[in-house]
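Let chain A serve as the given structure and place chain B with the ligands on it in line with the hints.
2 protein chains.
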Amino acid sequence: MAGEAQTRELTVDLGERSYPIMIGTGLLARTGSLFSERGFPVKSPILLVTDRAVEDLYAGTVEQSLREAGYTVARAVVASGEKSKSLDVFEELVTAALETGLDRRSTVIALGGGVVGDLAGFVAAAYMRGVRFVQMPTTILAHDSSVGGKVAVNHRLAKNIIGAFHQPEFVLYDLDTLASLPPREVRAGYAEVVKHGLIWDEAFVKWCDENAERLLALEPDALGYALHEGCRVKSIVVSRDERENDLRAILNLGHTIGHALEAVAGYGELLHGEAIAIGMVGSARLAARFGYGDELAAETERLLRKFELPVRIPSGFDTDEIMAAMQHDKKFKEGQMVFVVPKRVGEVEIRSDVPAQWVRDIVEQLKGEAGKL
Amino acid sequence: MAGEAQTRELTVDLGERSYPIMIGTGLLARTGSLFSERGFPVKSPILLVTDRAVEDLYAGTVEQSLREAGYTVARAVVASGEKSKSLDVFEELVTAALETGLDRRSTVIALGGGVVGDLAGFVAAAYMRGVRFVQMPTTILAHDSSVGGKVAVNHRLAKNIIGAFHQPEFVLYDLDTLASLPPREVRAGYAEVVKHGLIWDEAFVKWCDENAERLLALEPDALGYALHEGCRVKSIVVSRDERENDLRAILNLGHTIGHALEAVAGYGELLHGEAIAIGMVGSARLAARFGYGDELAAETERLLRKFELPVRIPSGFDTDEIMAAMQHDKKFKEGQMVFVVPKRVGEVEIRSDVPAQWVRDIVEQLKGEAGKL
Ligand SMILES: NC(=O)c1ccc[n+]([C@@H]2O[C@H](COP(=O)([O-])OP(=O)(O)OC[C@H]3O[C@@H](n4cnc5c(N)ncnc54)[C@H](O)[C@@H]3O)[C@@H](O)[C@H]2O)c1
Ligand SMILES: NC(=O)c1ccc[n+]([C@@H]2O[C@H](COP(=O)([O-])OP(=O)(O)OC[C@H]3O[C@@H](n4cnc5c(N)ncnc54)[C@H](O)[C@@H]3O)[C@@H](O)[C@H]2O)c1
Ligand SMILES: [Zn+2]
Ligand SMILES: [Zn+2]
Chain A
1 MAGEAQTREL TVDLGERSYP IMIGTGLLAR TGSLFSERGF PVKSPILLVT
51 DRAVEDLYAG TVEQSLREAG YTVARAVVAS GEKSKSLDVF EELVTAALET
101 GLDRRSTVIA LGGGVVGDLA GFVAAAYMRG VRFVQMPTTI LAHDSSVGGK
151 VAVNHRLAKN IIGAFHQPEF VLYDLDTLAS LPPREVRAGY AEVVKHGLIW
201 DEAFVKWCDE NAERLLALEP DALGYALHEG CRVKSIVVSR DERENDLRAI
251 LNLGHTIGHA LEAVAGYGEL LHGEAIAIGM VGSARLAARF GYGDELAAET
301 ERLLRKFELP VRIPSGFDTD EIMAAMQHDK KFKEGQMVFV VPKRVGEVEI
351 RSDVPAQWVR DIVEQLKGEA GKL
Chain B
1001 MAGEAQTREL TVDLGERSYP IMIGTGLLAR TGSLFSERGF PVKSPILLVT
1051 DRAVEDLYAG TVEQSLREAG YTVARAVVAS GEKSKSLDVF EELVTAALET
1101 GLDRRSTVIA LGGGVVGDLA GFVAAAYMRG VRFVQMPTTI LAHDSSVGGK
1151 VAVNHRLAKN IIGAFHQPEF VLYDLDTLAS LPPREVRAGY AEVVKHGLIW
1201 DEAFVKWCDE NAERLLALEP DALGYALHEG CRVKSIVVSR DERENDLRAI
1251 LNLGHTIGHA LEAVAGYGEL LHGEAIAIGM VGSARLAARF GYGDELAAET
1301 ERLLRKFELP VRIPSGFDTD EIMAAMQHDK KFKEGQMVFV VPKRVGEVEI
1351 RSDVPAQWVR DIVEQLKGEA GKL
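Those sequence lines, one after another, are chains A and B.
Counting with our numbering, you get residues 1 to 373 for the letters of the first sequence.
Counting with our numbering, you get residues 1001 to 1373 for the letters of the second sequence.
Source of the hints: derived by calculation from the structure; they are not laboratory data.
For glycine and all other residues, C-beta sits at the position ideal for the given N, C-alpha and C.
Accuracy of the hints is not assured; some may be wrong.
[As the list claims (entries may be wrong)] Here chain A is said to cover these stretches of chain B; the calculated rule only asks that three of the stretch's residues, wherever they fall, bring their Cβ under 8 Å from a Cβ of chain A:
1) 1094-1104
2) 1128-1139
3) 1146-1155
In isolation and in its complexed conformation, chain A is listed as follows (with noise of 0.2 Å):
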């Protein structure tokens, strides 16, 4: 990536708790002056949780900038990948909340991608029942998991289980982070981006559509104007039903058998972006069965393809534990089985009554048709 963008900024409107989301380049360097405008006491010293990939390349230039406001900032780093988001480590984080001397004024960072977010966030939610919390998404799927605050660990039987809903107090993503992401994981970020689109707004997915290459190529004012536009619609949907009580279920597209795929895989192997791609043709079949037509699913394999996101189960996969692994799933109310399933492009709706009979045949369909993946 190269060049400037323009710094964006759009605001999540949840009354006394609102906050900010600032999207541009050059921005982590900004750090320490942010924290001073927005008030952060300098006296309670602030946890930095980064993961080792990140830390290498970003941890350094935050924590100067905070310094150099005046604050005193520890760093704690986890493993990168998925598997962090355990409650082991949500343990050795809280222990090092503990040693630093986190007191109830004191601020967590999340400086990374949705594991470090969920997982600091859920240390922020709870370390003395809430502090604050900031976040510094640094990849693409990231402008989904930093706004919303939902944060969580997983289990072993289930992902995102034990968790809160903990609003961080502003949201800073810097796109320079972006340029050094693995190509895998900018491909698997832009299927949120994309879910975005599918699930309120048609015109950005043509955009999406006719701009795939710029960004995939990571050009930042494409970049930008993309991430922008997912989290205003995440903001949207956010503001008016903070709780998941109806709304906000719509932003789970794809992710019943996105999450299914991603616990039978082992957390990890699958990308969460790229299990809710597979997850979002699944559900666009769905539509078929409810007699939205056949063209959407072919659509949103069509746009998927163009990102280079997976949009076939891979092979080895056991239909049996994909299903068995969905009963554990949220969004099973008293055991009927809800999906969210789109019924054109940019408008969805949620149905609870799935037979799961057919999730099973799409499952079987998607398995059977690995070869086209």
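Positioned in the frame of chain A, the structure of chain B with the ligands alone reads:
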């Protein structure tokens, strides 16, 4: 304990999250009908969390009542005692919840003392980011812990450091269960009852003083009245400041020293109520240093002795360790020592200007006089 007591009811006033506390005899057997009346869904399984000692005595009654009302209920039993308030046991309960198939509309019931309440409450807070929670306290101390929504587990370095605010949907306090309480637990429980008087209500302190014998004998009507008054004070304070921004901190009278003693003793050696009884004497001595006179300490001590509670630090405790444990306590803001200090019986203030040396002196005194325990 013999006989019946009238059922007393009060409400914790928290807007949409307001809930009732019912205190009386014969309530366990009414659990099922109370769940029905309040619209708890029969399709979603219930997880009944209890400890070994309580299980044998009361779990059957509760389960039978729920089953008769059409509910599915699974039992999860933890070892009795403070050591169960750990992240490991928390994880075991999440596993049990998953294996039971708890869904988003499910309820976690805590049947037991404060340990079970805090632990099961944190499970209810974090499982799927929060499910319904019902408190069924079976100790005197739990009149305090079951009201107000503070839930937590301990870390080896600090007590209650990992937790949440998660209010129950109701509190069902069956006085009959208190008959089987070991005498030492009865006494320890009254420490928090007395605390509620000391921070808020001089007349109630006087009543406790006059009725100590009836209370120690668990005379139903005295007991019902005392627990109602204790819950009432707690409710008022929590209603005005749910998240401990200011007022709620007064509930920590005696807890800064108390928690440190518990941590140094190894959780479980010194009962929570015993530790805070000693802590309240320490706070009253701080009051003397601040010029509020010496009688307060003498008076506090006399009252606590009447309930056969310890008022000195047992020999063998190390002063440095106690002081170090206090550094990890949540009640220290930005390195300063914060204490709840009584001004007179029924009124306290929060002081953030307490010199560490005064605290150390008082700890030393309370140890030095241990012979008079
Ligand atoms: N909370 C939410 O609302 C929400 C929403 C979506 C996803 N999620 C969660 O997000 C997680 C996935 O997030 P992710 O895809 O960002 O994964 P991730 O955090 O594991 O990051 C992906 C990989 O890229 C590396 N990396 C991160 N930033 C880098 C950079 N700038 N340069 C080089 N390498 C970098 C990381 O070390 C890691 O190996 C999942 O656990 C998922 O459940 C949460
Ligand atoms: N959340 C809060 O606001 C809050 C407030 C005060 C205390 N607490 C917590 O409460 C805990 C202490 O609670 P506790 O004193 O009730 O301890 P506890 O839960 O350990 O119960 C004390 C003992 O009595 C046994 N027991 C319980 N009920 C019994 C019964 N009816 N008959 C016979 N035996 C019975 C238990 O098995 C246990 O051994 C501490 O962890 C403390 O931190 C929390
Ligand atoms: Zn996702
Ligand atoms: Zn207490």
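Taking each numbered hint in turn, which are not upheld by the structure, reported in ascending numerical order? As far as the earlier hints go, not one is violated by this structure.
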